[in-house]
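Asker: Residues per chain are reported as follows:
There are 6 protein chains.
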Amino acid sequence: MATVKLLGDEDLSAEAKAVFDDIRATRDSDFVNNFWRALAHDPALLKRTWESIKQVMAPGALDPLTKEMIYIAISASNGCSYCVHSHTASARAKGMSEAMFMELMGVVGMANETNAIVNALGVPVDEAFEAGK
Amino acid sequence: MATVKLLGDEDLSAEAKAVFDDIRATRDSDFVNNFWRALAHDPALLKRTWESIKQVMAPGALDPLTKEMIYIAISASNGCSYCVHSHTASARAKGMSEAMFMELMGVVGMANETNAIVNALGVPVDEAFEAGK
Amino acid sequence: MATVKLLGDEDLSAEAKAVFDDIRATRDSDFVNNFWRALAHDPALLKRTWESIKQVMAPGALDPLTKEMIYIAISASNGCSYCVHSHTASARAKGMSEAMFMELMGVVGMANETNAIVNALGVPVDEAFEAGK
Amino acid sequence: MATVKLLGDEDLSAEAKAVFDDIRATRDSDFVNNFWRALAHDPALLKRTWESIKQVMAPGALDPLTKEMIYIAISASNGCSYCVHSHTASARAKGMSEAMFMELMGVVGMANETNAIVNALGVPVDEAFEAGK
Amino acid sequence: MATVKLLGDEDLSAEAKAVFDDIRATRDSDFVNNFWRALAHDPALLKRTWESIKQVMAPGALDPLTKEMIYIAISASNGCSYCVHSHTASARAKGMSEAMFMELMGVVGMANETNAIVNALGVPVDEAFEAGK
Amino acid sequence: MATVKLLGDEDLSAEAKAVFDDIRATRDSDFVNNFWRALAHDPALLKRTWESIKQVMAPGALDPLTKEMIYIAISASNGCSYCVHSHTASARAKGMSEAMFMELMGVVGMANETNAIVNALGVPVDEAFEAGK
Numbered sequence: 204m205a206t207v208k209l210l211g212d213e214d215l216s217a218e219a220k221a222v223f224d225d226i227r228a229t230r231d232s233d234f235v236n237n238f239w240r241a242l243a244h245d246p247a248l249l250k251r252t253w254e255s256i257k258q259v260m261a262p263g264a265l266d267p268l269t270k271e272m273i274y275i276a277i278s279a280s281n282g283c284s285y286c287v288h289s290h291t292a293s294a295r296a297k298g299m300s301e302a303m304f305m306e307l308m309g310v311v312g313m314a315n316e317t318n319a320i321v322n323a324l325g326v327p328v329d330e331a332f333e334a335g336k
Numbered sequence: 204m205a206t207v208k209l210l211g212d213e214d215l216s217a218e219a220k221a222v223f224d225d226i227r228a229t230r231d232s233d234f235v236n237n238f239w240r241a242l243a244h245d246p247a248l249l250k251r252t253w254e255s256i257k258q259v260m261a262p263g264a265l266d267p268l269t270k271e272m273i274y275i276a277i278s279a280s281n282g283c284s285y286c287v288h289s290h291t292a293s294a295r296a297k298g299m300s301e302a303m304f305m306e307l308m309g310v311v312g313m314a315n316e317t318n319a320i321v322n323a324l325g326v327p328v329d330e331a332f333e334a335g336k
Numbered sequence: 204m205a206t207v208k209l210l211g212d213e214d215l216s217a218e219a220k221a222v223f224d225d226i227r228a229t230r231d232s233d234f235v236n237n238f239w240r241a242l243a244h245d246p247a248l249l250k251r252t253w254e255s256i257k258q259v260m261a262p263g264a265l266d267p268l269t270k271e272m273i274y275i276a277i278s279a280s281n282g283c284s285y286c287v288h289s290h291t292a293s294a295r296a297k298g299m300s301e302a303m304f305m306e307l308m309g310v311v312g313m314a315n316e317t318n319a320i321v322n323a324l325g326v327p328v329d330e331a332f333e334a335g336k
Numbered sequence: 204m205a206t207v208k209l210l211g212d213e214d215l216s217a218e219a220k221a222v223f224d225d226i227r228a229t230r231d232s233d234f235v236n237n238f239w240r241a242l243a244h245d246p247a248l249l250k251r252t253w254e255s256i257k258q259v260m261a262p263g264a265l266d267p268l269t270k271e272m273i274y275i276a277i278s279a280s281n282g283c284s285y286c287v288h289s290h291t292a293s294a295r296a297k298g299m300s301e302a303m304f305m306e307l308m309g310v311v312g313m314a315n316e317t318n319a320i321v322n323a324l325g326v327p328v329d330e331a332f333e334a335g336k
Numbered sequence: 204m205a206t207v208k209l210l211g212d213e214d215l216s217a218e219a220k221a222v223f224d225d226i227r228a229t230r231d232s233d234f235v236n237n238f239w240r241a242l243a244h245d246p247a248l249l250k251r252t253w254e255s256i257k258q259v260m261a262p263g264a265l266d267p268l269t270k271e272m273i274y275i276a277i278s279a280s281n282g283c284s285y286c287v288h289s290h291t292a293s294a295r296a297k298g299m300s301e302a303m304f305m306e307l308m309g310v311v312g313m314a315n316e317t318n319a320i321v322n323a324l325g326v327p328v329d330e331a332f333e334a335g336k
Numbered sequence: 204m205a206t207v208k209l210l211g212d213e214d215l216s217a218e219a220k221a222v223f224d225d226i227r228a229t230r231d232s233d234f235v236n237n238f239w240r241a242l243a244h245d246p247a248l249l250k251r252t253w254e255s256i257k258q259v260m261a262p263g264a265l266d267p268l269t270k271e272m273i274y275i276a277i278s279a280s281n282g283c284s285y286c287v288h289s290h291t292a293s294a295r296a297k298g299m300s301e302a303m304f305m306e307l308m309g310v311v312g313m314a315n316e317t318n319a320i321v322n323a324l325g326v327p328v329d330e331a332f333e334a335g336k
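Residue numbers (the numbering used here), protein chains in the order written: chain A, 204 to 336; chain B, 204 to 336; chain C, 204 to 336; chain D, 204 to 336; chain E, 204 to 336; chain F, 204 to 336.
Just so you know, the hints here were simulated from the structure itself, not pulled from any lab data. These numbers were taken from a predicted model, which means no experiment stands behind them. Be aware that a few hints might be false.
Copies of the same chain look alike in the list, so a pair counts if it fits in one copy or across any two.
[What the hints assert, rightly or not] In the EDC-like style, the derived pairs of lysine to aspartate or glutamate whose C-alpha atoms are separated by at most 20 angstroms in a straight line are:
id: 1; residue 1: K257; residue 2: E333
id: 2; residue 1: K257; residue 2: E213
id: 3; residue 1: K208; residue 2: D231
id: 4; residue 1: K208; residue 2: E333
id: 5; residue 1: K208; residue 2: D266
id: 6; residue 1: K297; residue 2: D214
id: 7; residue 1: K208; residue 2: D329
id: 8; residue 1: K297; residue 2: E213
id: 9; residue 1: K297; residue 2: D266
id: 10; residue 1: K208; residue 2: E330
id: 11; residue 1: K208; residue 2: E218
id: 12; residue 1: K297; residue 2: D231
id: 13; residue 1: K297; residue 2: D212
id: 14; residue 1: K250; residue 2: E301
id: 15; residue 1: K250; residue 2: D214
id: 16; residue 1: K297; residue 2: E218
id: 17; residue 1: K297; residue 2: E330
id: 18; residue 1: K250; residue 2: E333
id: 19; residue 1: K297; residue 2: E333
Could you put together the complete structure from these sequences and hints?
Answerer: Printed below as a string of structure tokens:
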């Protein structure tokens, strides 16, 4: 199904193996999911993507679970089935309950609904929304 | 710019006026933004949309600020400028700091980036992501 | 604002002028909107696009007004402001009432809402939907 | 494949069962498709979505078959495979012929084509399209 | 899985057969992929689409391999799995190496990332970008 | 219009200033466009984005002009007006002719057209496209 071969551990270049080692150490798990096995054909892309994700998804002004739910919301809006599955699994591992997931569905639906209606009605930005920045 | 006339308070039908009254009471503010003034041409659509939004964005398993940030994330991914502006204003009114907003940008960027790469590589869903539901 | 110069009638190549002549004759109007003035830099693209549109939007198994409303619905979902404006104008010229337009908004909102929720829930296609083709 | 369990009739809460009863009565059919079985985890979301859909897709200024074809057009543009399948089945049940479906394909293709070209050329809205509202 | 029957050679109308003959002659191969077998229900749509593709993808100011990679990039951004697969196969047949494909992934990811961030930040177009056209 | 203040050179933190210095040195120009002035609120995001872009857009298996045209194609498909403008300016600075730009439009239109039709027809991937990877 993939457009490239998913690389097994035995297929990795030294640079790709180093990234896999960091993924395993960071997550404290031996499991490396298919996304990284596809990216591993390009060690520079693999490394840049992994280090960006690690930085972006770390605790900061927003907590990691909130970030995972935002990731799900975007992936659903973009129609990326793999991303929805992987980040739903991550969000659950970080404590997302079924009630939280279903409430997220409500927001996902509402935002996509009003985005399209606003575009069709060509609603101009209210002056009040320009203030306060 | 809008594809319909934005209705002033004096243009409203009785049913639309009742919804505007509820918007004002719920938000404890006299200001009614342009989105509702465009929807007001169809009181049934206005009422259904407002009541859905009121229900969806209320505190529940997720807090209202988290919901506003999810709304921004989706609106940015869909390219709805009005929605980005209105929900960024709402999120700030609910306490979103500049640090939170910029960190949100990181997640928005990353999710859109990996969604597209995953689609291009045709990555199949890992069996491990099917479990735990 | 455009990324190419919008061509005036005096700027047209002979091939582009021939297409403009056909647009004017077909629509029985001297007005040629900006889209064609941008495309006119490439007479082959201009001609192919115009002839395809003329063929696609002609009366057939679906009537022209239905086709214009479908065009609005897609343009809103894709966030193309120009397209929303031009096809709303066309739909009105072909008889779309305000009630029809607002009811279209309801469908546009609903479809975008459920599309995103379905993607997030990963709903598998029911066997029943495979039948009957 | 779904990110939540699809609920069987025996898994439903009382509120969810009431919605399923209304779906069956409204459609005069015992069949309840997977979308509702996924939404049923959240009876409030299930009820709101079903009642909105029932209201939006009912005969009004637009007929139900036209609405189904608009739904297909949006779902195709957004890449929601489930939605395309379910609404194509609904449209056929309401009388969409193969000729109508294929002609719809022409409009779907054309709209997506010109949406993207217009965005790339940054075509400004003609003054003429602002009039008449 | 398709919403229409994929037509075999024995199912084709005379007009559809003529297009299939041209596809085979142009590509110097007996293989006709599923996209055309679905479009073949509407010989006019089949013919228009094939002739447009043949014209658009031909060598010109851009070479065919560059065009195939642009096609992959758009298909990934839109989430069209079939299109990603078919145009990746075409690009490889025209000489795309694994290094080129992976580098394309980098651009696909980056563009989708910055598109969404720019939308969220509402960045206004710099005057400098208006010049030079 | 922006949802954050665009930072002037005098507003920059030391880390942001260092990135601006590198942008200026790399491009051999004093001009720093608005995107970076918005990102500068978050020096970590600014730095990561700039270094990724610098790496991704550098000459490699694909040449920089090809990459700019791919960026335009995606930005148009996603409806990011700012991105279309900035990357069209970059592409022209790197040698994109009007003929190349208009031919790019043809591919952009065609890909978006067929993406949506394929989604609506639910075309299954041909076995032949799975081979050769």
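Asker: Hint compliance check: list the failing hint numbers for this structure, sorted ascending.
Answerer: Result: hints 1, 2, 3, 5, 6, 8, 13, 16 and 18 break, sorted rising.
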